[in-house]
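Enquirer: Sequence:
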Amino acid sequence: MLDIAFIRENPELVKDVARRRKTAVDVDALLALDNDLRATRRHADDLRAEQNRLSKAIRDAGADKEARDGFIAQGRGVAAELKDLEPRERELEASLRELLLLTPNIPDASVPEGESEDDNVEVKRVGEPRQFDFEPLDHVTLLTNLGMLDLERGAKVGGSRSYILKGEAVFLELALMQFALHHVARKGFLPLDVPAMAREFCFIGNSQFPRGREQTYALPEDDVFLVGTAEVSITGMHSGEILREQDLPIKYVGYSPCYRREAGTYGKDTKGIMRVHQFYKVEQYIICRADHEESARWHEELLRVAEEIVVALELPYRVLNLCVADLGDAKVKGYDIECWVPSEGRYRETHSDSYFHDYQARRADIRYRGEDGVVRYVHTLNNTALASTRAIIALVENHQQADGRIRIPTALRPWLGGQEYLGKAWR
RNA sequence: GGAAGGGUGGCCGAGUGGUUUAAGGCGCCGCUCUCGAAAAGCGGUGCGCCUGAAAGGGCGCCGCGGGUUCGAAUCCCGCCCCUUCCGCCA
Numbered sequence: 466m467l468d469i470a471f472i473r474e475n476p477e478l479v480k481d482v483a484r485r486r487k488t489a490v491d492v493d494a495l496l497a498l499d500n501d502l503r504a505t506r507r508h509a510d511d512l513r514a515e516q517n518r519l520s521k522a523i524r525d526a527g528a529d530k531e532a533r534d535g536f537i538a539q540g541r542g543v544a545a546e547l548k549d550l551e552p553r554e555r556e557l558e559a560s561l562r563e564l565l566l567l568t569p570n571i572p573d574a575s576v577p578e579g580e581s582e583d584d585n586v587e588v589k590r591v592g593e594p595r596q597f598d599f600e601p602l603d604h605v606t607l608l609t610n611l612g613m614l615d616l617e618r619g620a621k622v623g624g625s626r627s628y629i630l631k632g633e634a635v636f637l638e639l640a641l642m643q644f645a646l647h648h649v650a651r652k653g654f655l656p657l658d659v660p661a662m663a664r665e666f667c668f669i670g671n672s673q674f675p676r677g678r679e680q681t682y683a684l685p686e687d688d689v690f691l692v693g694t695a696e697v698s699i700t701g702m703h704s705g706e707i708l709r710e711q712d713l714p715i716k717y718v719g720y721s722p723c724y725r726r727e728a729g730t731y732g733k734d735t736k737g738i739m740r741v742h743q744f745y746k747v748e749q750y751i752i753c754r755a756d757h758e759e760s761a762r763w764h765e766e767l768l769r770v771a772e773e774i775v776v777a778l779e780l781p782y783r784v785l786n787l788c789v790a791d792l793g794d795a796k797v798k799g800y801d802i803e804c805w806v807p808s809e810g811r812y813r814e815t816h817s818d819s820y821f822h823d824y825q826a827r828r829a830d831i832r833y834r835g836e837d838g839v840v841r842y843v844h845t846l847n848n849t850a851l852a853s854t855r856a857i858i859a860l861v862e863n864h865q866q867a868d869g870r871i872r873i874p875t876a877l878r879p880w881l882g883g884q885e886y887l888g889k890a891w892r
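All letters in the first sequence, in the order written, are residues 466 to 892 by the working numbering.
Please note that a few of the clues may not be correct.
[Stated by the list, open to error] The calculated lysine-lysine pairs, modelled on DSBU-like cross-linking and capped at a C-alpha distance of 30 Å, are:
#, residue 1, residue 2
1, K631, K736
2, K652, K716
3, K548, K530
4, K652, K589
5, K631, K889
6, K530, K736
7, K631, K733
8, K889, K621
9, K621, K631
[To be verified] Label-pair distances were calculated between CB atoms; the ranges are:
#, residue 1, residue 2, range
10, R726, S581, 21 to 27 Å
11, G835, K487, 33 to 39 Å
12, V635, R555, 50 to 56 Å
It should be emphasised that the hints constitute simulated quantities derived from the structure, not laboratory data.
Every residue, glycine too, gets a C-beta built ideally from N, C-alpha and C.
Please model the entire structure based on the sequences and the hints provided.
Expert: Structure below.
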């Protein structure tokens with residue numbers, strides 16, 4: 466959420482940003498509401514001031530029945546006026562907030578212009594796609610033949626985009642999560658196992674709602690929703706709090722299942738476990754002071770940590786600087802890491818590194834008291850450390866052997882009891 | 001799922017309709033005193049919005065949201081959270 470004062474002072478900038486981000490928001494309507502609300506509130510405040518004066522006058526009138534009754538009669542009049550005005554005030558507040566929640570963030574100057582994901586800019590490419598001296602297979606064939614994946618029964622149980630991992634694939638998944646969790650925790654991030662079911666305010670705070678609400682599973686009986694990332698829960702953690710500057714930055718590494726409806730992706734990635742409704746993810750999260758330079762620095766650092774993980778898993782990858790149209794509403798800037806997927810002959814997204822300035826913090830009401838005593842909104846950032854299914858795809862496809870087994874990268878072996886290969890030869 | 005109790009400022013805690021513009025204490029900050037510290041004394045100590053060049057002024061906030069009333073921390077309704085007991089349960 467942007468500061469309403471900022472929008473008042475920079476309406477043309479905000480309109481331009483909305484246009485470039487392909488986001489529909491009526492800035493003029495928003496400003497009209499703001500004007501209306503301020504006028505209404507001023508009027509209501511005056512009435513309340515009058516009410517307070519009369520209230521004291523009634524109290525002080527004591528036994529003077531006549532004066533007292535006069536003040537009470539006046540009070541009734543003021544109360545009646547307020548009763549008309551207050552619902553109007555509340556409506557305006559709600560409408561304004563609704564529009565504010567739809568207003569996108571201001572992108573950084575280093576964000577590339579563009580019309581779609583095709584205009585994302587490759588920042589770097591690391592590692593060479595492996596030259597296979599045999600015909601490489603896709604992850605579905607590999608895992609199914611190793612007896613580690615059952616998509617048919619997965620769909621039978623959970624519907625489309627469901628899967629069942631079996632045997633060593635289960636340990637592989639846990640090993641990947643363990644490895645990522647430890648790698649990030651060693652750098653001073655506090656591990657968190659957060660609720661995967663969260664209340665609405667967490668989603669609004671994080672910017673999943675109101676736009677994107679249809680991507681989230683709702684549990685209406687219990688007034689909670691399934692999180693698509695631990696980021697949602699972590700944003701909710703400090704909602705409504707005023708933190709101490711000396712406690713910043715707060716660095717978390719969250720672990721959670723992730724649930725995504727994938728609404729509107731019918732034709733996309735129908736094969737295998739590239740796009741599924743449930744997976745597990747280790748997520749990096751930072752809360753820092755309201756300072757652009759610091760945010761930008763942590764953004765780069767979060768990228769570096771994620772790259773270390775990808776490098777340790779010996780996966781070829783590239784880094785994209787997301788263009789303004791592909792950035793989503795909330796981000797100031799975002800990098801995606803895409804790992805090489807041999808069966809597709811292209812790079813696929815595995816990580817998403819973002820910073821938000823105070824956009825999430827305003828929505829979630831997360832502030833801190835500076836050493837100077839001034840209370841400000843914090844800055845928030847997050848990046849994937851590792852997401853289970855896409856990591857599995859990249860790992861098994863890139864490290865497959867001619868005999869059908871999967872070579873386990875050295876860094877991951879401690880988490881798999883020292884094992885060098887996954888599965889038994891079948892080719 | 002059932003029953004009971006509770007939620008007040010950074011913390012403890014008083015407060016059951018109008019001298020509460022939230023008592024008192026602790027903590028914190030400043031000052032006085034002191035070689036310095038402690039103690040003591042004095043003063044200060046929240047967040048948000050509106051208005052104003054500023055000083056200042058106004059409004060709101062006692063878990064959250066409604067309601068009753070001239071007036072609500074206080075009464076009523078709904079919700080959230082915590083504690084205890086019973087039941088169920090990995």
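Enquirer: For each hint, tell me whether it holds in the structure or not.
Expert: Status of each hint after checking the structure:
1. Taken as a hint, the K631 and K736 pair is honoured in the structure, with Cα atoms around 18 Å apart against an allowance of 30 Å.
2. A threshold of 30 Å between alpha carbons decides the hint, and for K652 with K716 the separation of about 9 Å falls inside it, so the pair holds.
3. Our distance criterion of 30 Å between C-alpha atoms is met by K548 and K530, whose separation comes to about 26 Å.
4. Under the criterion of a C-alpha separation no larger than 30 Å, the hint pairing K652 with K589 is consistent with the structure, at around 24 Å.
5. For the hint pairing K631 with K889, the CA-to-CA distance comes to about 14 Å; that is within 30 Å, so the pair holds.
6. Simply put, K530 and K736 have alpha-carbon atoms about 84 Å apart, too far for the 30 Å limit, and the pair is violated.
7. Of the pairs offered as hints, the one joining K631 and K733 holds, with about 25 Å between alpha carbons and a cut-off of 30 Å not exceeded.
8. The hinted pair formed by K889 and K621 meets the criterion: a straight-line CA distance of about 27 Å does not exceed 30 Å.
9. At roughly 16 Å between alpha-carbon atoms, K621 and K631 fall within 30 Å of each other, so this suggested pair holds.
10. With their beta carbons about 22 Å apart, R726 and S581 fall inside the hinted range of 21 to 27 Å.
11. Between G835 and K487 the beta carbon distance is about 36 Å. The supplied range of 33 to 39 Å therefore holds.
12. At about 52 Å, the beta-carbon gap between V635 and R555 stays in the expected band of 50 to 56 Å.
Violated hints amount to a single one, hint 6; each of the other numbered hints is respected by the structure.
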